[in-house]
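**Student:** Using the sequences and the hints given, assemble the complete structure.
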Amino acid sequence: MTLPIQDPSLAAEGLGVPPRRAGFLRGVLRERKAAVIGLAIIAFFVLLALIAPLISPYSATAQTCKVYAPPSASHWLGCDDGGIDMLSELMQGGRTSLVVGFAATVVAIVIGGGVGIVSGYFSGWADTALMRVTDYLLVIPDLVFALVIADIWGPSLFHVIIVIGILEWTSTARIIRAQVMSLKQRVYIKRAQAIGSGHPRIIVRHILPQVGPLLMANTVLTVAIAIYLETALAFLGLEDPTVITWGTILEHAFERTAISSGAWWAIVPDGFVIAIVIVGCFLLGQAIEDALNPRLKVAHLSVRRWRIRPLAGRGRDAI
Amino acid sequence: MSRLRTHRPAALLVAAATALALAACGGGSGSGGGSSTVQEGGVFRLGTSSTIDSLNPFIAFQSDAYTTFEYIYPTLVQYTPSLKIVANFARSWKTSPDGRTWTFTTAPNAKWSDGKPLTAADAAWTFSTIVKFADGATANSAGYVAHLKSATAPNATTLVLTYAQPVANVLSQVQQAPILPEHIWAQYATGNGKALKTFQNNAPIVSGGPFILTKYTPKQVALFKKNPTFYGQKPHIDGFGLQFFQTTDAEVTALKSGQLDGVEVPVPPTSVATLKAAHFQVRSSPGVAFDDFIINSSPDQQASHKELLNPLLRQAFDHAIDRQAVVSTSLLGHGQPGSTIIPPATGSWSDPSIKPTTFSLDSANQLLDQAGYKMGPNNLRTANGHPMSYTVIMPSDRASEYGNRSFQIIQADFKKIGVQLNLKVLDPSAAYDALTANNYRNFEISMWDWYPLTDPDFMLSVLTCNSFDVWNDTGYCSKAYDKLYSDQSAAMQPSQRQQVVYQMQQMIASAKPYLVIDYPDSIEAQSSHWSPLAEVGGGSFNSMSIIPMDTVHKA
Chain A
1 MTLPIQDPSL
11 AAEGLGVPPR
21 RAGFLRGVLR
31 ERKAAVIGLA
41 IIAFFVLLAL
51 IAPLISPYSA
61 TAQTCKVYAP
71 PSASHWLGCD
81 DGGIDMLSEL
91 MQGGRTSLVV
101 GFAATVVAIV
111 IGGGVGIVSG
121 YFSGWADTAL
131 MRVTDYLLVI
141 PDLVFALVIA
151 DIWGPSLFHV
161 IIVIGILEWT
171 STARIIRAQV
181 MSLKQRVYIK
191 RAQAIGSGHP
201 RIIVRHILPQ
211 VGPLLMANTV
221 LTVAIAIYLE
231 TALAFLGLED
241 PTVITWGTIL
251 EHAFERTAIS
261 SGAWWAIVPD
271 GFVIAIVIVG
281 CFLLGQAIED
291 ALNPRLKVAH
301 LSVRRWRIRP
311 LAGRGRDAI
Chain B
1001 MSRLRTHRPA
1011 ALLVAAATAL
1021 ALAACGGGSG
1031 SGGGSSTVQE
1041 GGVFRLGTSS
1051 TIDSLNPFIA
1061 FQSDAYTTFE
1071 YIYPTLVQYT
1081 PSLKIVANFA
1091 RSWKTSPDGR
1101 TWTFTTAPNA
1111 KWSDGKPLTA
1121 ADAAWTFSTI
1131 VKFADGATAN
1141 SAGYVAHLKS
1151 ATAPNATTLV
1161 LTYAQPVANV
1171 LSQVQQAPIL
1181 PEHIWAQYAT
1191 GNGKALKTFQ
1201 NNAPIVSGGP
1211 FILTKYTPKQ
1221 VALFKKNPTF
1231 YGQKPHIDGF
1241 GLQFFQTTDA
1251 EVTALKSGQL
1261 DGVEVPVPPT
1271 SVATLKAAHF
1281 QVRSSPGVAF
1291 DDFIINSSPD
1301 QQASHKELLN
1311 PLLRQAFDHA
1321 IDRQAVVSTS
1331 LLGHGQPGST
1341 IIPPATGSWS
1351 DPSIKPTTFS
1361 LDSANQLLDQ
1371 AGYKMGPNNL
1381 RTANGHPMSY
1391 TVIMPSDRAS
1401 EYGNRSFQII
1411 QADFKKIGVQ
1421 LNLKVLDPSA
1431 AYDALTANNY
1441 RNFEISMWDW
1451 YPLTDPDFML
1461 SVLTCNSFDV
1471 WNDTGYCSKA
1481 YDKLYSDQSA
1491 AMQPSQRQQV
1501 VYQMQQMIAS
1511 AKPYLVIDYP
1521 DSIEAQSSHW
1531 SPLAEVGGGS
1541 FNSMSIIPMD
1551 TVHKA
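First to last, the sequence lines map onto chains A and B.
Quick note: the first sequence, position 230, residue 230 per the numbering used here, numbers continuous.
To convert, count from 1 in the second sequence and add 1000; that's the numbering used here.
Just so you know, the hints here were simulated from the structure itself, not pulled from any lab data.
Have a look at the derived ranges for each label pair, beta carbon to beta carbon:
#1 B/THR1391 with A/GLY262: 33 to 39 Å
#2 A/ILE140 with B/THR1217: 29 to 35 Å
#3 B/MET1507 with A/LEU143: 45 to 51 Å
#4 A/ARG132 with B/ALA1412: 46 to 52 Å
#5 B/ASN1378 with A/LEU143: 34 to 40 Å
#6 A/GLY271 with B/ASN1378: 32 to 38 Å
#7 A/PRO53 with B/ASN1378: 18 to 24 Å
#8 B/LYS1415 with A/LEU147: 27 to 33 Å
Cβ coordinates follow ideal geometry from the N, Cα and C atoms, glycine included.
**Tutor:** Encoded structure:
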């Protein structure tokens, strides 16, 4: 139930009211190659994780070859320190790592989005209280805090999800709050209030759809951070070591001296897929963010890239 | 939890340069090795993944600390590579007919590194002090002086130890005791002796052994220089350095790149092939350690897992451990399937009639059926109304080696007999606290290891009622076993003692507080630029002997 958009150029620049989410995403994908690449990478790994049980050549838990057997025709990526096929293990590990990444992100986005909207929309003491909590969590170094919590709670997949979730919501909350504070002043919100809409209805029908794309950009970027943190925690031994994730694969290889034993195949492919997925998330998230915040594109001090913006409009309207 | 266990903190490498700047050694090493072909001098650089936690013998916990004491302080006797006890500071000894009085004749004209005389009086002072504060400040050393009544030095070269009862293992007890310089330490042994534990004993340390500890930087490096005043055969090397690593990967890489001359046990089995290919001397010999499953044996344990006391269940669990798979995958064949708690490598004390339990999931299933634990939903058996799902506590230092792999193999097989095992990794001291919590009532199963001494006394003592909260990690306590334990410590005839020791092992093998999984080989690696280090009791750098560093020389 968004308002009709009067000026498409304004919408595309994020200055007006953006159109529905799907349309917005389509626009981003059409305009930015990086977004397409990012989405393709994510889609590829998600698909691979989904069909892993069907296509994985061997069991990811049973021994099928010799310890640290090198890559061969039957085992494309060699074997790990338990004589388990690396390729099958990577597929299985991807399933868990992506689930952890996405689950932790859902936790982070729900908390971050909720806090951001409530504190931006209601202002006053709710804003003060929630933002102080946010500030507090923002200044704590992520990894150190995660280490402490994971160590106290004990190593388990669920704990890792929660730890990452409660660490990563703060920046989302900040961004959403700022956006909501600005949205709140818009005429159509005032109008909705004037005709007697309650707070829940305004938030759900008018605010939420507008912050949707922003939330999406944050979600994608948070997935990258969550996968990275999961890997780090697992590598440091703070995850259930019997669960196969990209992090525990690295940990096992490291603990059993894959490097000095020359078994690069136990470490390199795993590190590679982690890096690729994170790059994919980054490309997509960044593209959405750029589309939402054109200033990042034109600012002369922007660290990403800059160019002179056309004086007005796009396509036919451009001068 | 103890110096007898391995300690392998998983963290980042603290890099340390091993540029050993050793002052030129005074004092000739003339009467050295006897053979004129031996090349003197040089500094041996040894890598270790253990640590020195304290240089005070009354505080220290970790194995490298005790090895340091072995090399810088005299001990009365030491082991040879064939595990015979031979002279060190004591040149000879005799026992009175009743077995209660032991008289040691010590090396004459010996000196501490500060020039003060090193006599039997220092030894007498050390033993008397340990006895005096055995319930307090010197409790960690009390095992060296069990049943000792008094220690006196009638003259500079005679030490008389008087025991309250005949003691079978006097020599292996005193072998462990570093003799401290009385003129340095006496000032702390006053009042209740608490001051003994406050003394830092920082390097350089007044030493009486073959080496002097000249420099020690925690977690980085310890430097040892040849002691020119040493009473015995002087080492060929000018000194040796100990570099501390926190990951074995970095340690092995340092060896391969020539930054180290040797690596202390245990070299990970996964590194053996590459080190051999790079022409290092790699020795894999039967080790004295064992990996075990601990099943809670406390009769008062909580009702929620009381079925663990059922002998049928224990037998079934024993049958479900695929020892061959563990040896071939976790140890890459560098080890033996486990059977008794006195490892065969310790020599004649290990009962050869106890064989590794055969791996048979059928037998395990039958035994569990027989015990009445019916298969329930999710392929999990039910015991006393609850599913058979147990938490296995593993200390993090085990988990970070091959412990994880072993657990995964066992976990998969237990699933096939309808038993779920869940791993819980804890810091070693937290893990021990978890076992002893609530007087051993809480824990279910644990996976750990032991590094027993060569003499079986210590390992057997672990299961006595007296070692509750000290060494006991099973909750096992049996009057009959305790009786046998005191019998063996008083049995003066080795054959008679052996019989009792066998009987105790059989008791444990049938009660099964421990399911011994494997005996990992002790694997050492060193550069071929040096003569092979002598190996004593499954390692060449430990607190059993000074022979390895005393005899090593450039090849």
